[in-house]
Amino acid sequence: MAQAGSIARTAGRAGRRLLSSAPALFGVLVFTFLLMRVLPGDPAVFFASGPNAGKAEIEALRAQMGLDKPIPEQLVRYLGDIGTGQLGRSMTTGQPVLADLRERLPASLELTFSALLIALLLSVPLGVVAALRPGSPIDHGVRLLCALGVCVPTFVSGLLLIYVFYYLLGYAPDPTGRIDVFAASPPNITSFLLIDFALTGDWAGWRAAASQLVLPAVTMALFVIAPLARITRASMLAVLGSEFIRTARSVGLSRPRVIVTYALRNAILPVLTIAGIVFSTMLGANVLVEKVFSWPGVASYALDALLASDYAPVQGFVLLMAAIFVTVNLVVDILYGIADPRVSVT
Amino acid sequence: MSTVAITSPGRPRGSALGHLGWVLRHNPLTALASAGTLLLCLVAIFSPWLTPYDPIASDVQRALQPPSAAHWAGTDQLGRDLLSRIIAATRLDLAIAVSAVGLSFALGAVVGAFCGYVGGRLDRAVGRFVDVLMAFPLFVLAMAMVAALGNRVENIVIATAIINLPFYVRFARAEVNVRRNLGWVEAARAGGESHAAVVLRYLLPNILPAMAVQISLNLGWAILNAAGLSFIGLGVRPPTPEWGILVAEGARFITTGKWWLVAFPGLALMLAVLCFNLMGDGLRDILDPRQRT
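Just so you know, the sequences run in chain order A and B. Per this note's numbering, the first sequence starts with residue 1, numbered consecutively. Per this note's numbering, the second sequence starts with residue 347, numbered consecutively.
This is chain A alone, in the form it adopts within the complex:
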């Protein structure tokens, strides 16, 4: 019974959180719309047949794109389109934005998930080790690593990784794209290359895709190890100092058992929250990594569109990012509620 009660509570919490983020999402929509309208350059001129396209042709294009209407009317139409699930059409690719985003989102998600996984696998042990011996050389080493990690911009660390692992050592493949141009793509099941290759049992293909993924994922991971390791250390320190740990030690439980089963499980909650924030930020900050590695993700798509004064893809991208941001926060919230039933309903 208590179980059912807690599920209902968590669901209620999630619902309220979703509702409370609606105004922010709406604000993002309007703000992006206005921002895109101030972009220099008339997209109609940009997409007219040539530099000396006739005035009539440009006017026809403007009418076709709805640019001849007053701004408030354009905004209302835009909101109506979004309500019916239409994000407009990209003028550069000629496809609906929704289709473009759907095609490219898995590449970005696969990269970000891998990066987050690598970062967690590195930072949680580092944070735990540092917390076990505060003030020791190991602790200082972890601190130094964290301090350095946030100082190296991803576009520099990415390029240096390419230099070392592609040029010097030759371990990594040509750092462009998700998959070698000459390699066969797997049948499209989930759009995540690694999962698709694994499902079809094509391990050579899996290895090829993984080797393309490693460098960009590590580049992103390096930048976010610091916040994750810091929060793990702080949270572990707090838990290790608490009474139940002292009790667990005094009754003679083994050291690994105390640290992993008792301390880490209690210390992981704040790490989860930060991991959620880190994930959303990484998706947005992808632009630089995707550009360095020519990764065909959503961020590089939005960047190309932005430079071409192509409104619709940028608007779609920002909306997508804001939606993911809200969703991730929600998921973290729900996980938090399940992991720790004491979390109060806010």
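Since the hints were made in silico from the structure, they are not lab data. Take the hints with a grain of salt, since some may be wrong.
Partial chain A-side listing against chain B, Cβ under 10 Å, derived [to be verified]:
| hint | residue |
| --- | --- |
| 1 | Val152 |
| 2 | Thr154 |
| 3 | Ile162 |
| 4 | Tyr163 |
| 5 | Asn266 |
| 6 | Ile268 |
| 7 | Leu269 |
| 8 | Leu272 |
| 9 | Leu283 |
| 10 | Leu303 |
| 11 | Leu307 |
| 12 | Met321 |
| 13 | Phe325 |
All C-beta atoms in this analysis are idealised placements derived from N, C-alpha and C, irrespective of residue type, glycine included.
Please arrange chain B on chain A, whose structure you already have, making use of the hints.
Okay, now just chain B, sitting in the frame of chain A:
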């Protein structure tokens, strides 16, 4: 570790300067970072006299040379001396970061302080606006703003200032909110000060030290942000020397092994950000030793 420092005996009480000296002596890292920041500022001010070569004079004869005694950081694809270009870029990069952070601090602190003091409808409206800004992927927002406002240095400053704004507004609001009903604020009001004077002359100076930490940490972030924008081709344009552009120009030659074109501008970026971040951490230790993580 300052846990040692906090409990160590003989901690002087009294003069702020003496305290600062004490902290610097016990936190060699903070002292080093402050010295580094000072050095960076000096380089920025005197850069025209420090560059060994003309940063924009090309000499195709000496293109793409690795680091040597004559060119400590090597030369780029046009034979320009990389070290001179990195030194020349210091001024622009620091100027962008300092003016962006200064702008958003000035605006954010005042708006946030008034929100925290007045509360009510103004507070809620500003809070909503800040929520909207925070729901954006911030780097993408900066990209879009630079593209919308035009590809100029001032617009990088504006965009960086706007994406930093939410942090200052929230911070100042929270800090003022807990102080607004304290005795000395009441006393100022009872003494006949207007509400505006209470906020500007009593509350703002009081929260300033706490905000200094935020400023120092944000400077590093602003540098990374500006360099990232110019790296993707927004903002500063070549041939102007700027760290992000230097890296972007070097990126084309990395797969052919010309590492110095990326490594040295990257190193400059890293050192600048490291100095600001360590100084921010040190400031936090000085102001509030309990907040350490």
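A quick look at each hint next to the structure:
no. : hint   : in the structure
1   : Val152 : 5 Å, holds
2   : Thr154 : 8 Å, holds
3   : Ile162 : 6 Å, holds
4   : Tyr163 : 5 Å, holds
5   : Asn266 : 17 Å, violated
6   : Ile268 : 16 Å, violated
7   : Leu269 : 15 Å, violated
8   : Leu272 : 17 Å, violated
9   : Leu283 : 7 Å, holds
10  : Leu303 : 6 Å, holds
11  : Leu307 : 7 Å, holds
12  : Met321 : 4 Å, holds
13  : Phe325 : 6 Å, holds
Hints 5, 6, 7 and 8 from the list above are not met by this structure, while the remaining hints are.
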